[in-house]
Amino acid sequence: MGNPAPTQSTWTRFEDKLFEQALVMFPEEMADRWQQIADQVPGKSPEEVREHYDALVHDVFEIDSGRIELPTYADDSFGWESDSKANQISFGSTKGKHGEVERKKGTPWTEEEHRLFLIGLDRYGKGDWRSISRNVVVTRTPTQVASHAQKYYLRQNSMKKERKRSSIHDITTTADSKPVPPQGHFPNQGAPMGTAMASDPDITSDFIVPLNCTSVNGKFFTYTGMRGVFDNIPTAFKVSKASMAEFPALNGQSVSYAVLQYPAGGVNPPHTHPRSAELLFLVDGALEVGFVDTKNILYTQKLKVGDMFVFPKGLVHYQYNPDRDIPATAISAFGSASAGTVSVPMSVFATGIDDVILAKAFKTDVATIKKIKAGIGKP
Numbered sequence: 001m002g003n004p005a006p007t008q009s010t011w012t013r014f015e016d017k018l019f020e021q022a023l024v025m026f027p028e029e030m031a032d033r034w035q036q037i038a039d040q041v042p043g044k045s046p047e048e049v050r051e052h053y054d055a056l057v058h059d060v061f062e063i064d065s066g067r068i069e070l071p072t073y074a075d076d077s078f079g080w081e082s083d084s085k086a087n088q089i090s091f092g093s094t095k096g097k098h099g100e101v102e103r104k105k106g107t108p109w110t111e112e113e114h115r116l117f118l119i120g121l122d123r124y125g126k127g128d129w130r131s132i133s134r135n136v137v138v139t140r141t142p143t144q145v146a147s148h149a150q151k152y153y154l155r156q157n158s159m160k161k162e163r164k165r166s167s168i169h170d171i172t173t174t175a176d177s178k179p180v181p182p183q184g185h186f187p188n189q190g191a192p193m194g195t196a197m198a199s200d201p202d203i204t205s206d207f208i209v210p211l212n213c214t215s216v217n218g219k220f221f222t223y224t225g226m227r228g229v230f231d232n233i234p235t236a237f238k239v240s241k242a243s244m245a246e247f248p249a250l251n252g253q254s255v256s257y258a259v260l261q262y263p264a265g266g267v268n269p270p271h272t273h274p275r276s277a278e279l280l281f282l283v284d285g286a287l288e289v290g291f292v293d294t295k296n297i298l299y300t301q302k303l304k305v306g307d308m309f310v311f312p313k314g315l316v317h318y319q320y321n322p323d324r325d326i327p328a329t330a331i332s333a334f335g336s337a338s339a340g341t342v343s344v345p346m347s348v349f350a351t352g353i354d355d356v357i358l359a360k361a362f363k364t365d366v367a368t369i370k371k372i373k374a375g376i377g378k379p
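Be aware that the sequence shown starts at 1, since it is given in UniProt numbering, and climbs by one per residue.
Everything labelled a hint here was simulated from the structure, so no lab data went into it.
As a list, the in silico BS3-like pairs of lysine-lysine whose alpha-carbon atoms are at most 27 Å apart:
1) K304 - K241
2) K238 - K378
3) K241 - K313
4) K360 - K378
5) K238 - K313
6) K360 - K371
7) K373 - K360
8) K363 - K373
9) K304 - K238
10) K126 - K295
11) K126 - K241
12) K219 - K241
13) K370 - K360
14) K378 - K241
15) K378 - K363
16) K371 - K238
17) K295 - K360
18) K241 - K302
19) K363 - K295
20) K302 - K313
21) K151 - K126
22) K373 - K238
23) K151 - K313
24) K313 - K126
25) K302 - K238
26) K295 - K313
Construct all of the structure, not just a fragment, from the sequences and the given hints.
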């Protein structure tokens, strides 16, 4: 790649692939984005990662402007095809879906493939490249899909810059594309289907060891932070997490947990998890739960001990303990090592949005907005 300025570090094709996957995994709004990306590329510092990103953006702009030719690679999958095949799940037979379709290597994406990619992105979400590859863009490997996604997001970020050459990455809708039937088993279609879905990109190793870790044993895969969590009843709603931030061994494993404790009358305010669905299991007390879908339809349910409830990925949801005397406890599982949490009250009223804007949005006055902000406090 032609960098705009000399760099002190060289990047192998393997490191570039790890870098591309991490770019999509950790969005721009993350405060520690460069550190998170650097953790995915062994031997690279956050400064080297940022420098490499700036060089990549420069190269994309140069290609889009027509000043340099688009580079080609002999094999865009970089030898990861065998890993992808080894990890495939068969749908009602011993032969995986990818074994039936010849994959394209080193060939440009067609417009139809890109529109299928957009359909898969809408259906499975950012990061689930394996499902998009297996079920929608069946002519491309998960690695190729991840690489295409990275180029797509770079292109969208440079939309305000002057360009002389058009690209399929400018297409952001699936209009005029043919419907894509979901793959796998459906009624009257034969053998049952087995599948696994997650929001985290697939890793190419059994597990990921942090750079500051010199040795790995059973302790690395053990989390003791939940000891004593049930010893006391909290006076306010409390969340005890076991995510990648608290439990580094979860990195790349597409799973995390949280213990939710509700005092009598306690509530977990409306919030979302942008990178994962949530599966809640009530182990004590009673809860009233609900979520709102993208059509603004509210779904509610009263739960008893032993009940489970799923909150779909990215939708606003809440939990409330209606009992005035008895606390409640639940355990939630997530399909991501870092599901993320966006609190609706905090994000709206405690992040500095102008009072006048909020007053107009909620069709009230500034005095009311100020009272709400005073009650919520700072994040």
